[in-house]
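Generate the whole structure from the sequences, applying the supplied hints.
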Amino acid sequence: MASNTYDAIVIGAGHNGMIAAAYLARAGKKAVVLERREIVGGAAVTEEIFPGYRFSEFSYVVSLLRPEIIRDLELPRHGLKILPLPSTVTPLDNGDYLAGWDDHDLTRREIYRHSPRDAEAYDEYSRVMARAAKAIKPIIGLVPPDPSSLSWRDMKGLLKLGQYAHSLSEHELYRIAKLVTQSSADLLEEWFELDPLKGTKAASGIIGTYLGPRSPGTAYVLLHHYMGEIDGAFRAWGFAKNGTGGVTAAIASSARALGVEIRTSAAVDKVIVRGGRAAGVALANGDELTAKVVMSAADPKRSFLQFVDQQHFPDEFVQAIRDFRVRGSSGKVNIALSGLPDFTCLPGEGPLHRGAISISPSIEYVERAYDDAKYGNFSRQPYMDIIIPSMIDRDMAPPGHHVMSCFVQYAPYDVAGGWDDTKKEAFGETVIATIEKYAPNIRRMIVGKQVITPRDIERIAGITGGNIFHGELLLHQLFFMRPAPQWADFRTPLAGYYFGAAGAHPGGGVMGAAGKMAANEILKDWQ
Amino acid sequence: MPELSTVHHPLYQLRRTPFHARTSQLCLPHNWRRWGGCIAVGSYDLGLDREYWAIRNHAALIDISPLIKYEIGGPDAARLLHRLTPRDIHRMQVGQVYYTGWCDDDGKLLDDGTVTRIGEQSFRLTAAEPQYRWLSMNAVGMQVQVTELTEQMAALSLQGPKSRTILNLACEQPVDSLKYFRMAFNRIAGKAVSVSRTGYTGDLGYEIWMDAADALVIWDALMAAGHDYGITPTGILAMDMARVEAGLFMLDVDYTSASHAWIAGQRSSPYEMGLGWTVNLDKQGYFVGRRALEREHREGSSWKMVGLEIDWEGLEREYAAVGMPPQIPASAVRGSIPIYTGPRQVGYASTSTWSPVLKKYIALVHLQQPFHAPGTRVEIEVTVEHHRRKSPATVVALPFYDPEWKKK
Numbered sequence: 110m111a112s113n114t115y116d117a118i119v120i121g122a123g124h125n126g127m128i129a130a131a132y133l134a135r136a137g138k139k140a141v142v143l144e145r146r147e148i149v150g151g152a153a154v155t156e157e158i159f160p161g162y163r164f165s166e167f168s169y170v171v172s173l174l175r176p177e178i179i180r181d182l183e184l185p186r187h188g189l190k191i192l193p194l195p196s197t198v199t200p201l202d203n204g205d206y207l208a209g210w211d212d213h214d215l216t217r218r219e220i221y222r223h224s225p226r227d228a229e230a231y232d233e234y235s236r237v238m239a240r241a242a243k244a245i246k247p248i249i250g251l252v253p254p255d256p257s258s259l260s261w262r263d264m265k266g267l268l269k270l271g272q273y274a275h276s277l278s279e280h281e282l283y284r285i286a287k288l289v290t291q292s293s294a295d296l297l298e299e300w301f302e303l304d305p306l307k308g309t310k311a312a313s314g315i316i317g318t319y320l321g322p323r324s325p326g327t328a329y330v331l332l333h334h335y336m337g338e339i340d341g342a343f344r345a346w347g348f349a350k351n352g353t354g355g356v357t358a359a360i361a362s363s364a365r366a367l368g369v370e371i372r373t374s375a376a377v378d379k380v381i382v383r384g385g386r387a388a389g390v391a392l393a394n395g396d397e398l399t400a401k402v403v404m405s406a407a408d409p410k411r412s413f414l415q416f417v418d419q420q421h422f423p424d425e426f427v428q429a430i431r432d433f434r435v436r437g438s439s440g441k442v443n444i445a446l447s448g449l450p451d452f453t454c455l456p457g458e459g460p461l462h463r464g465a466i467s468i469s470p471s472i473e474y475v476e477r478a479y480d481d482a483k484y485g486n487f488s489r490q491p492y493m494d495i496i497i498p499s500m501i502d503r504d505m506a507p508p509g510h511h512v513m514s515c516f517v518q519y520a521p522y523d524v525a526g527g528w529d530d531t532k533k534e535a536f537g538e539t540v541i542a543t544i545e546k547y548a549p550n551i552r553r554m555i556v557g558k559q560v561i562t563p564r565d566i567e568r569i570a571g572i573t574g575g576n577i578f579h580g581e582l583l584l585h586q587l588f589f590m591r592p593a594p595q596w597a598d599f600r601t602p603l604a605g606y607y608f609g610a611a612g613a614h615p616g617g618g619v620m621g622a623a624g625k626m627a628a629n630e631i632l633k634d635w636q
Numbered sequence: 252m253p254e255l256s257t258v259h260h261p262l263y264q265l266r267r268t269p270f271h272a273r274t275s276q277l278c279l280p281h282n283w284r285r286w287g288g289c290i291a292v293g294s295y296d297l298g299l300d301r302e303y304w305a306i307r308n309h310a311a312l313i314d315i316s317p318l319i320k321y322e323i324g325g326p327d328a329a330r331l332l333h334r335l336t337p338r339d340i341h342r343m344q345v346g347q348v349y350y351t352g353w354c355d356d357d358g359k360l361l362d363d364g365t366v367t368r369i370g371e372q373s374f375r376l377t378a379a380e381p382q383y384r385w386l387s388m389n390a391v392g393m394q395v396q397v398t399e400l401t402e403q404m405a406a407l408s409l410q411g412p413k414s415r416t417i418l419n420l421a422c423e424q425p426v427d428s429l430k431y432f433r434m435a436f437n438r439i440a441g442k443a444v445s446v447s448r449t450g451y452t453g454d455l456g457y458e459i460w461m462d463a464a465d466a467l468v469i470w471d472a473l474m475a476a477g478h479d480y481g482i483t484p485t486g487i488l489a490m491d492m493a494r495v496e497a498g499l500f501m502l503d504v505d506y507t508s509a510s511h512a513w514i515a516g517q518r519s520s521p522y523e524m525g526l527g528w529t530v531n532l533d534k535q536g537y538f539v540g541r542r543a544l545e546r547e548h549r550e551g552s553s554w555k556m557v558g559l560e561i562d563w564e565g566l567e568r569e570y571a572a573v574g575m576p577p578q579i580p581a582s583a584v585r586g587s588i589p590i591y592t593g594p595r596q597v598g599y600a601s602t603s604t605w606s607p608v609l610k611k612y613i614a615l616v617h618l619q620q621p622f623h624a625p626g627t628r629v630e631i632e633v634t635v636e637h638h639r640r641k642s643p644a645t646v647v648a649l650p651f652y653d654p655e656w657k658k659k
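Heads up: the protein sequence lines correspond to chains A and B, in order.
For the first sequence, my numbering begins at 110 and goes up steadily by one.
For the second sequence, my numbering begins at 252 and goes up steadily by one.
Do not rely on the hints blindly, as some may be mistaken.
Just a few of them, taken from the derived set where beta-carbon distance is under 8 Å, the chain A residues facing chain B [said to hold, decoys possible]:
hint, residue
1, Asp214
2, Arg217
3, Pro225
4, Arg226
5, Ala230
6, Arg236
7, Glu458
8, Pro460
Ranges between beta-carbon positions, derived for each pair [as the list claims (entries may be wrong)]:
hint, chain 1, residue 1, chain 2, residue 2, range
9, B, Gly626, A, Leu282, 57 to 63 Å
10, B, Asp503, A, Val237, 55 to 61 Å
11, A, Lys483, B, Gly586, 51 to 57 Å
12, B, Asp503, A, Pro594, 45 to 51 Å
Only part of the chain B face toward chain A is listed, based on derived beta-carbon distances under 7 Å [as the list claims (entries may be wrong)]:
hint, residue
13, Leu265
14, Gly288
15, Ala379
16, Tyr383
17, Arg384
Read the hints as simulated data drawn from the structure, not as lab findings.
Yeah, the Cβ is synthetic: ideal placement off N, Cα and C, and Gly gets one too.
Shown next, in the form of structure tokens:
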């Protein structure tokens, strides 16, 4: 039996928790990661749901994993490979499609086929967004300063931010101000006329939010997704070898090599507080572990309303966390297939099957999908982001067979009448019927399907509300307000208790920035 | 069976030009390059010598169809181009061709190309990159129609001292009276063409514009007419050497479009690119970038693109130090090379090449004021056996090569 005394305890073996622990171990600290489930990964797991068919159960693409984390933790040596996801195709109702490639000339030619005007606007739009992403990117790497604080550290942070804002041209500043306040529909309508192009772009502005493309603030989410595209040689969206679980497996392996202990089936019941400081944790099985610091990589609600007695926090902090919006709005359907379905617009097998297939024929379509959700129903005609992982990594399914991953929005967490088996089945059927419109023979090929609602995300991955970003990427929940005003620097009102996951700055995605930055702050505070 | 018609959308490859059936037969080394979303022949031979010397001694036939082309027509067509470019379009005669760049409001180049006045209210504009959006934005409130012709219109460049003789044989009307930077309608093999006395080589030469459907017939007619005069299908790599000798620059190689630039320092003005002669500040009315260009004209530019001749003796000395003769790349090099005065870097070369006709190693260079004055002695970085050295060089005015028959 290992000793139960550590320098640092990290709650949750998702990518952020393990990354934080790895950085702490790298600095010579004795760290343990405690995981409720029997496997590591959190929402970044690969599971063999049906024998021979492996699925990235929840999170299914990788774009924002910070390159310095990959280098620092030597993840390639631990098996990390991010395979290209080179295209997005939007099937159209008339049997045609609109495709976008990772090649400028080919994409231009394809858009030109539909709209010469948009082909040119697309070039300029991409450059403007890339520049805006470049302009905003340094902010992601900054620990958010508290604008109401007079502490030296916060003043210095604000000064740095001010200097940075000053370095931007007036033009860029306006552009950014507009981007963070606009709706994605408004932004896209300024640029394009082509419905499927606007619909597909708009869709990336609503992923993980409980908003529609016409809701203000969604343009920022669109920009958030552009971040991955400006890291030079570091490619944009990708699919991890062995699924997203491949990423967390590499992180776990690296963390262990650095001396981190990872305990699975070790659910945390409470954070132990002694003398006004976090002093350890009590596990559900009654074991107690002690440490100098405790970091939670769980969602904000669990971290602050469940693990710690509320008496240890100021009322307004508790209120802010209660108000933090974590309503899940998306579901997932993972399908095992006996073959490759024939899409009407893409018969047979071609290069476009190695990329994303987006069911987003227009902004109108996506907004209508939202209308259903607004009144508590799952979308009758949902937006979907589909990939066929077995086309990218042949190890995901038996030879000749395939797995299909369908991200589906909207599927409200608190669907009217609650989620039960009937409703879940109906949701799964809606997804299949929607795909069937574009790939009529898919039903015959289905070997098995796993339907995941936000309730399941909550139940299996342990994310309260089932929001894929641990909390919506809304303007009032970002930067110095994530997860709560004055507490965006990975510290919490409870001394010795830290917070470093998607619910912290800079937000979700398999990015790892929150885990890494939290570890840095812990080390800065180390006595 | 699924409907197969959509499979034919040519998504999986770059566009082919209307001459592909001929050029692909002749491109023996499979040396293909990209140009404007098309595949273009890099070279038809394994080496570039024969094609280069066709430009300088016979006649080179170059497929330039990938150029972006627009037809601009309507009562306000001249007004639009007058507003868009720094040239005085209202003074242009029908049949005249202008070379010009065009700028954003900060007076920084967006692209460059030729404007041809086809008729009183009709122009043709060529560009390296798509400009439809920029044209439309500037045409607000004007009675003007912008039509992209890139794919409908094929184009060939016939460059070299024998180009006139060949065209006189191939064309219905002789081209003897066609002056430098003028255009005239003609027919080849019974097909309507327009012929402009323009090019990208600095030699005697013509560009022939035609309907894409007539492309192969016209190619064949020119090849037949030119057979006894050394006509040679030529790829864009040999043309790249010739255009440096002619002092002609290229978008994305020698300058960055203001619309692509990540930072302000990447942008270039027409003055900085040596195009001061195209900026008609005395012309009537507003044009895009006017105020910024007036200011730059008044205050002077901080940089200028000029020519650089690298001293052969100096180069020999650097190589002799390791016991080798000078090693020169066989084609134009599109890569930034630092230029120094003593320890201080004062600029860079953007394209450098061996000039077979001049027997000189030359480069297009961008130098800070005052180092761009002709005759200034500077040093260029050369990598000799993996070690960086500096070799002396002299600033010269462009072009490097300007044969008297080019304009005659």
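Each hint, compared with the structure:
A hinted interface residue such as Asp214(A) counts as satisfied when its beta carbon comes closer than 8 Å to some beta carbon of chain B; here the least separation is about 4 Å, so the hint holds. Hint status for Arg217(A): holds, given a least beta-carbon distance of 6 Å to chain B, under 8 Å. Given the 8 Å rule on beta carbons, the hint for Pro225(A) holds: about 6 Å separates it from the nearest Cβ of chain B. Because the closest C-beta pair between Arg226(A) and chain B is about 7 Å apart, less than 8 Å, the hint holds.
Hint status for Ala230(A): holds, given a least beta-carbon distance of 6 Å to chain B, under 8 Å. Hint status for Arg236(A): holds, given a least beta-carbon distance of 7 Å to chain B, under 8 Å. Interface restraint check for Glu458(A): the shortest CB-CB distance to chain B comes to about 12 Å, outside 8 Å, so the restraint is violated. Checking Pro460(A) against chain B: minimum C-beta separation of about 6 Å stays under 8 Å; hint holds.
Hint check: Gly626(B) to Leu282(A), Cβ distance near 45 Å, so the stated range 57 to 63 Å is violated. In this structure the hint that Asp503(B) and Val237(A) lie 55 to 61 Å apart at CB is violated, the actual value being about 18 Å. Judged by the Cβ atoms, the range 51 to 57 Å given for Lys483(A) and Gly586(B) holds: they are separated by roughly 56 Å. Checked against the hint of 45 to 51 Å, the C-beta distance between Asp503(B) and Pro594(A) comes to roughly 47 Å, which is consistent with it.
Taking 7 Å as the C-beta cut-off, the interface hint given for Leu265(B) holds, the closest approach to chain A being about 6 Å. For the restraint placing Gly288(B) at the interface with chain A, the shortest Cβ-Cβ distance is roughly 4 Å, inside the 7 Å limit, so the hint holds. The restraint placing Ala379(B) at the interface with chain A is violated, with a minimum CB-CB distance near 13 Å, outside the 7 Å limit. Interface restraint check for Tyr383(B): the shortest CB-CB distance to chain A comes to about 5 Å, inside 7 Å, so the restraint holds.
Of the supplied interface hints, the one on Arg384(B) holds, with its beta-carbon coming within about 4 Å of a beta-carbon of chain A, less than 7 Å.
In this structure, the earlier hints numbered 7, 9, 10, 15 are contradicted, and the remaining ones agree with it.
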